[in-house]
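**Q** Chains as they are written, first to last, in the working numbering: chain A, 5 to 259; chain B, 38 to 194.
Hints listed in this document are in silico derivations from the structure and should not be mistaken for laboratory results.
Errors might be hidden in some of the hints.
[Said to hold, decoys possible] Cut-off 20 angstroms, straight-line C-alpha distance, at most; resulting in silico cross-link-like pairs (SDA-like, lysine to any residue):
(1) K119/B x R128/A
(2) K138/A x R74/B
(3) K138/B x K119/B
(4) K138/A x K138/B
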Amino acid sequence: MANVDQQALFQFLLRMGDNTLVLGHRVSEWCGHAPVLEEDIALANTALDLIGQTQFWLGLAGEVEGKGQDADALAFRRDVWDFRNFLICEMPNGDFGQTLMRQFLFDAWASVTLAHLQKSSDERVAGIAAKASKEVAYHLERSSDTIVGLGDGTAESHDRMQAALEYLWPYVGEMFASDDVDANMVAAGIATDPAGLRGEFDAIITRVLTQATLNIPQSTFAHKGGRDGSIHTEHLGHLLTSMQWLQRVYPDASW
Amino acid sequence: MTQIAEHPPIDQIWDWLHAVPDPEIPVISLTDLGIIRDVAYDGETLVVTVTPTYSGCPATSIINLDIETALRDQGMTDIRLKQQIFPPWTTDWLTPEGAEKLEKYGIAPPTAAGGPKRCPQCGGTHLEKLSQFGSTPCKAQWKCLGCLEPFDYFKCI
Chain A
5 MANVDQQALF QFLLRMGDNT LVLGHRVSEW CGHAPVLEED IALANTALDL
55 IGQTQFWLGL AGEVEGKGQD ADALAFRRDV WDFRNFLICE MPNGDFGQTL
105 MRQFLFDAWA SVTLAHLQKS SDERVAGIAA KASKEVAYHL ERSSDTIVGL
155 GDGTAESHDR MQAALEYLWP YVGEMFASDD VDANMVAAGI ATDPAGLRGE
205 FDAIITRVLT QATLNIPQST FAHKGGRDGS IHTEHLGHLL TSMQWLQRVY
255 PDASW
Chain B
38 MTQIAEHPPI DQIWDWLHAV PDPEIPVISL TDLGIIRDVA YDGETLVVTV
88 TPTYSGCPAT SIINLDIETA LRDQGMTDIR LKQQIFPPWT TDWLTPEGAE
138 KLEKYGIAPP TAAGGPKRCP QCGGTHLEKL SQFGSTPCKA QWKCLGCLEP
188 FDYFKCI
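Only chain A is shown next, with the shape it has when bound in the complex (with noise of 0.2 angstroms):
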């Protein structure tokens, strides 16, 4: 481990604790909100796996920063520009279809990458992998029914999810964009290079999508710059005014 690159570590690992905690936050705002008491559990029980996920990464990414930064610390006291998560977890939940259609593609990337980095090189890693590998399981299958019933529903359900993964669907691109941190992981054994996981990605979406009815759209443009913290979209300092607020105002908190 001593050859690890311990700075593009940091980064990896807050890419991972970033990416659940974002969009944690996001499907918690559905809280109280949801068309139906089944459903409204449901968001809330993936929130809270997801907000569970990130006390495990944003946690080692703290002990791999070396700098007394605990998980709290990581999610409450940095701010946009320090965030390194996909700009597709930051989207705005939209309509019902909207946040499912958000969370199937987040959900197919995360089970692809989470089998693949069972078998990485840091055992911290792959045990975090393997927790999260079986509530991931469960949110894909969860997520796949509902983009079948509702895209092979009645003709409004399946304009709006037509119309949301067209929204989302530039997206998708950023997920799979290596860098040097990924080359730097890559060389560790510490994780897969994400270009190379479109292939499974693409595999799970076409199944899916295509028993939903729905039209994969061709284009392969994609928005960057969460990932790499180069530029956020507007929505993600929305969010964490919200997420942040009682630790800002009320430093070290608790009850």
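Following the hints, complete the assembly by docking chain B onto the known chain A.
**A** Quick look at chain B alone, frame taken from chain A:
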């Protein structure tokens, strides 16, 4: 080795932990649930290794508090709780006794087939899934088409 004789034996600790109920499903104990992975002395300190059921299970911190309280009530003072996430918790670690207690309580125990075997109320086998998620991260909601009662199913992971 007289020093060791002063510590309650490990078996005794397991017995005490066996009496600590799960905070969300009090009918089963923490050992029934299979989340206590190890109990051992590290010098003078008793180390209890606990694994979470689900990453975000809000009961995790309460469970730690309950373990510590139960052991302190028995006069133990030097205690350390250790979290271990690998290997990840699986419902295979739920004891047969735990599964039986769940069913009596009205929660269908996990099965490898991925769904409840029978209705915990009437024993009917004509069942329908209402939702993949339930009142806690570890449960899903099902309904019996025989007695028409909804019930919780302990998810198999």
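**Q** Indicate, hint by hint, whether the structure satisfies it.
**A** Consistency of the hints with the structure:
1. K119/B x R128/A: Between K119/B and R128/A the Cα gap is close to 15 angstroms, so the pair holds against 20 angstroms.
2. K138/A x R74/B: holds (19 angstroms)
3. K138/B x K119/B: Outside the cut-off at roughly 27 angstroms; violated.
4. K138/A x K138/B: The given pair, whose Cα atoms are some 25 angstroms apart, is violated under the 20 angstroms limit.
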